[in-house]
Amino acid sequence: MLLQLFDCLEKSKEISTRRAAILKVENNNKTHLVLIKGFLKVKYRLVEEVTKKSLEEAQLAKLYNEIEKRRLHSKLYNARKNELVSVSDSSRWLK
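1 is the number of the first residue of the sequence shown in UniProt numbering; add one for each residue after it.
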């Protein structure tokens, strides 16, 4: 949400003096709003520009990576690569 707000303010700062003033105050105070892109780049190890789409992809990748590290879930992820295993029947053999 902060990223979307920051992008909205950045895009319309030339049109709206009020939004430009908000951005100036935020920049001067170095608030979370201004620092959000740098924070997200570090947290999700993003190389490219931080956009809504790249952030969503990075968040999903991190979530799947964390889930895959769990013991029972790792069995499912490893089996997912095997075409002989039915993932829909996984509830039977994951127990």
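Because the hints were derived from the structure by calculation, they are not lab data. Treat the hints loosely; a few may be bogus.
Stated by the list, open to error - The calculated label-pair distances, taken between Cβ atoms and stated as ranges, are:
1) Leu5 x Tyr64: 26 to 32 Å
2) Lys24 x Lys75: 52 to 58 Å
3) Lys24 x Glu57: 52 to 58 Å
4) Leu2 x Ile67: 23 to 29 Å
5) Tyr64 x Cys8: 41 to 47 Å
6) Ile15 x Arg71: 51 to 57 Å
Using N, Cα and C, we set each Cβ at its ideal position, and we do this for glycine too.
### Task
Determine whether the Cβ-Cβ distance between Tyr64 and Cys8 falls within the hinted range of 41 to 47 Å.
The hint (41 to 47 Å, Cβ to Cβ) is violated, given that Tyr64 and Cys8 are roughly 29 Å apart.
### Message
Against the range 52 to 58 Å, how does the distance between the Cβ atoms of Lys24 and Lys75 compare: consistent or not?
### Response
54 Å Cβ-Cβ, so the 52 to 58 Å window holds.
#### Entry: Pairwise beta carbon distance, Leu2 to Ile67, judged against the given window 23 to 29 Å
Once the Cβ atoms are compared, 25 Å apart, the range 23 to 29 Å for Ile67 and Leu2 holds.
### Message
Within 51 to 57 Å: is that where the Cβ-Cβ distance between Ile15 and Arg71 falls?
### Response
Hint holds: Cβ distance 54 Å, inside 51 to 57 Å.
### Query
Within 52 to 58 Å or not, the Cβ separation of Lys24 and Glu57?
32 Å, violated
### Query
Regarding Leu5 and Tyr64, is the given constraint of 26 to 32 Å on their beta-carbon distance met?
27 Å, holds
Of the numbered hints listed earlier, those contradicted by the structure are 3 and 5.
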